[in-house]
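K.L.:
Model the full assembly from the supplied sequences, consistent with the hints where possible.
Number of protein chains: 6
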Amino acid sequence: MYGIASMNITGDFFTYTGFRVTNGTLPWPRRNLIAIKANMEAFPALNGQSVSYTKLVFPSECVNPPHTHPRAAELLFVLNGALSVGFVDTAGKLYTQDLSAGDMFVFPKGLVHYQYNLGQSPAIALSAFGSAAPGTVNVPASVFGTGIDNVVLAKSFKTDFWTVQKLKAALTPPPK
Amino acid sequence: MYGIASMNITGDFFTYTGFRVTNGTLPWPRRNLIAIKANMEAFPALNGQSVSYTKLVFPSECVNPPHTHPRAAELLFVLNGALSVGFVDTAGKLYTQDLSAGDMFVFPKGLVHYQYNLGQSPAIALSAFGSAAPGTVNVPASVFGTGIDNVVLAKSFKTDFWTVQKLKAALTPPPK
Amino acid sequence: MYGIASMNITGDFFTYTGFRVTNGTLPWPRRNLIAIKANMEAFPALNGQSVSYTKLVFPSECVNPPHTHPRAAELLFVLNGALSVGFVDTAGKLYTQDLSAGDMFVFPKGLVHYQYNLGQSPAIALSAFGSAAPGTVNVPASVFGTGIDNVVLAKSFKTDFWTVQKLKAALTPPPK
Amino acid sequence: MYGIASMNITGDFFTYTGFRVTNGTLPWPRRNLIAIKANMEAFPALNGQSVSYTKLVFPSECVNPPHTHPRAAELLFVLNGALSVGFVDTAGKLYTQDLSAGDMFVFPKGLVHYQYNLGQSPAIALSAFGSAAPGTVNVPASVFGTGIDNVVLAKSFKTDFWTVQKLKAALTPPPK
Amino acid sequence: MYGIASMNITGDFFTYTGFRVTNGTLPWPRRNLIAIKANMEAFPALNGQSVSYTKLVFPSECVNPPHTHPRAAELLFVLNGALSVGFVDTAGKLYTQDLSAGDMFVFPKGLVHYQYNLGQSPAIALSAFGSAAPGTVNVPASVFGTGIDNVVLAKSFKTDFWTVQKLKAALTPPPK
Amino acid sequence: MYGIASMNITGDFFTYTGFRVTNGTLPWPRRNLIAIKANMEAFPALNGQSVSYTKLVFPSECVNPPHTHPRAAELLFVLNGALSVGFVDTAGKLYTQDLSAGDMFVFPKGLVHYQYNLGQSPAIALSAFGSAAPGTVNVPASVFGTGIDNVVLAKSFKTDFWTVQKLKAALTPPPK
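Protein chains in written order, with the working numbering: chain U, 6 to 181; chain F, 6 to 181; chain E, 6 to 181; chain L, 6 to 181; chain Z, 6 to 181; chain C, 6 to 181.
FYI, nobody ran anything at the bench for these hints, they're computed from the structure. Check each hint, because a few of them may be wrong.
No distinction is drawn between identical chains; accordingly, a pair holds when it is met within one copy or between any pair of copies.
Capping the alpha-carbon separation at 27 Å, the derived lysine-lysine pairs in DSS-like fashion look like this [stated by the list, open to error]:
(1) Lys173 / Lys163
(2) Lys173 / Lys160
(3) Lys42 / Lys98
(4) Lys171 / Lys42
(5) Lys160 / Lys42
This structure is a prediction, so every number in the text was calculated from the model and none was measured.
P.N.:
Structure (structure tokens):
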């Protein structure tokens, strides 16, 4: 807080309204996950405060693919709808849960996890992170969408080139 | 995550349902703040994860008195209703904001802050903390409700004994 | 210590003489606490060293009002005179002690605490902090001297507007 | 180091010889990666020292599949042979390098990375970690070998059930 | 502070009076440094508070030999008398200062430093550390008083065996 | 990893080849220790990654004199030859070991330690540190090569001026 008083800073600096956009105005139906991040980049007042939020809106049958956050645990709270969630620990054990609105689940630091909206109506969750910059590593996109050599992937996934190329075709982002 | 796989632990260990209690079943009208904490004590899976939640339910005209959290910043998200909030930095400057549902405000680490529901309907907020054990120091109760000597308080607040005793009478918890 | 050798830095950079001012030359009698801080701002060599000092000079009957240090514990050593001290833990329990010259007391991180010189002669203390920038939140000044809304304060302290306004009048600093 | 002197501890406690096993006595040819960890679990003297080693022996054409270390960066040093390595940052960019004996490469904290021995002779590497317990999340095994629901995986990898089941069959460890 | 309120703990737990012993009652004249430590071991309330004190009493012409503190910087305050102090940075540059009563000097973390009372009267200093367990590595005693091989020492100090043995004889503690 | 993708950075940034220089091309015989550091200064990609390496090449009968690393433990792995090593804990106890190629030894944070190649052939070691900037304090050079006052050194090492001056003559670097 050094020097804040001497700058022209007001309560607005400590306020974030970027989550309002999902308050009912989205053009439904839609299929893709919406993830709005209130992290240090979007909300600079979080710098040094070791906390941030992400709002997740899941259309029906939408999956948030397996991913990790390199710098924080995630504490997910279900605002609306229902979610099936899971994570895998470093010993290779899967932990799953079916969550209803009002429930909370913690994904420990750095482990692979996913969320899935099995239901017919949208699900909305608020996730808190113990870092202002938790980061996200999307597993399918990182592994099959970034140009890693086919031999490396075929050997890693114990599969054939044809399968690797099929997965790459599906997961590589189109050129901009 | 050492050894979790070898214990009889399931996804339930990572799940917290203690916030369901406020999903509509509270006997309204009521006057006092309800604060339900999903911290390390209530939800042991948070141990080592550096994140926790508190759910705050404010009846109409209810104030959460000036307080500090010794071990974390607070990132408050308004779920329902509206809240007027403020904090004071170490240079003695007050920052305030009027928040609507969907808005977020960060109270920096260790600073005195409050929330107030000016409205006629209840307000509900979810606060995330960058610690699994943020702690709370309630200022009025700590100062006037714990037996600090009258002379110390009168001098500190630059007031008379009569005022100190009046505040103590109001803020000292009844004997159990 | 990167590059210090290549700069024109001598032992003077690591020396602080700002506490000499209280070595007997103060115009007594006086009534207010003198607090001289050897923190990172006053003594830049402390940057990154996680330690700092404050020298406290208490005239007779002087109180250091309830306050917190957001970023460090305080380890107070009584150099001269006697002090009555106390702090309140997060469970609302008050811990007090009467200290003589040569005694030491630790105020744990982030908790509300105060010191009081009951005696007829000045008391002098040296406080060490486990941070180069511990910060100070003066409770009476933060709460009643910064313009927090009267309604918030009346409800928080369970008192009336008249009492709030009286405390505000006493504790609001005069305009500069 | 509290109390070490008072226990019956000698220099042996601070010594680890578990890497000798790979000094030339392995039954070649073989196909699988050998990873010997000198972490806190194998070498208790590392407790609190924030550093550990893993020795990696790659037979010809062997891949260390995409994985992350939740708690540390990895600094890999090639002792013998050659390795092709890569990692993906959180923005989805792939960084690759071909390393010869004597070269070093850093895989930043928490990011997905792999190593591959393209050569015809074995490659040996020593990896240092800035944690005594860096942990490892093997991506193919975590995602396809732990029982995550087929629907979640098919949607995440934008593929069909048949491909998911084929990958699961290849990557699920046999029951013990 | 978890649970302190539920234990039979009073303000005495947070008080340390071990420094009173040097308040004038020592049998002067004497020649050796007196160092009384208020660290976590002597004063358990410091556990987790990241701060501690040492009181140093220097008879005339007494030296505190070159030493390091592995876990903290030292902030020395001269209470009485005068001290000549110095430290060496990692680039091999010596920083020195002559301190009078009321002066302060910071010895940065982990660097070799010493203090010397040149004067004819005793000097007393209070040193604060940014750790509850800073530790001390006395250089002469560690190097010449612990049985390190003569060859290692002769080569390290670029000297002969006779000099090494003379230093060992002077610095090795007598058997208990 | 903020913004790396937007800069013109490739895998080369994460690669360090500075250790190749010792791959057989040094003009033997020689007498002095060669220490090549892959720390943050030499290899900027280590910034923030909390890990670094030093390669140590010991000619026959060469000693790495007693020294400390202020900011990290050292995990030494013997690549070739043999080394006798030791460290002294804060209680003044010496721990020693004779290491062969393939062995590992941990020198705990901040303690005085040394290595010695007793053998007739060169020894090579790789040391990992749990910091990107561990720092090194060479004890003989810091104490006798930086100009510390003769009186301080004579008293500290309980010896005479003649011995101090002899050691200073041997250990003071020649003027540049």
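K.L.:
When no copy is named, should Lys173 and Lys160 be tagged within, between, both, or neither for a Cα gap of at most 27 Å?
P.N.:
both (15 Å within a copy, 14 Å between copies)
K.L.:
Under a CA distance limit of 27 Å, which applies to Lys42 and Lys98: within one copy, between copies, both, or neither?
P.N.:
Between copies only: 20 Å across chains, 29 Å inside a chain, cut-off 27 Å.
K.L.:
I want to check one pair: Lys171 and Lys42. Are their C-alpha atoms no more than 27 Å apart within a copy, between two copies, both, or neither?
P.N.:
neither (31 Å within a copy, 35 Å between copies)
K.L.:
From the Cα coordinates, with 27 Å as the cut-off, is the pair Lys160 and Lys42 best called within, between, both, or neither?
P.N.:
between (35 Å within a copy, 23 Å between copies)
K.L.:
At most 27 Å between alpha carbons: which applies to Lys173 and Lys163, within, between, both or neither?
P.N.:
both (15 Å within a copy, 10 Å between copies)
The structure does not agree with numbered hint 4 stated previously, though it agrees with all others.
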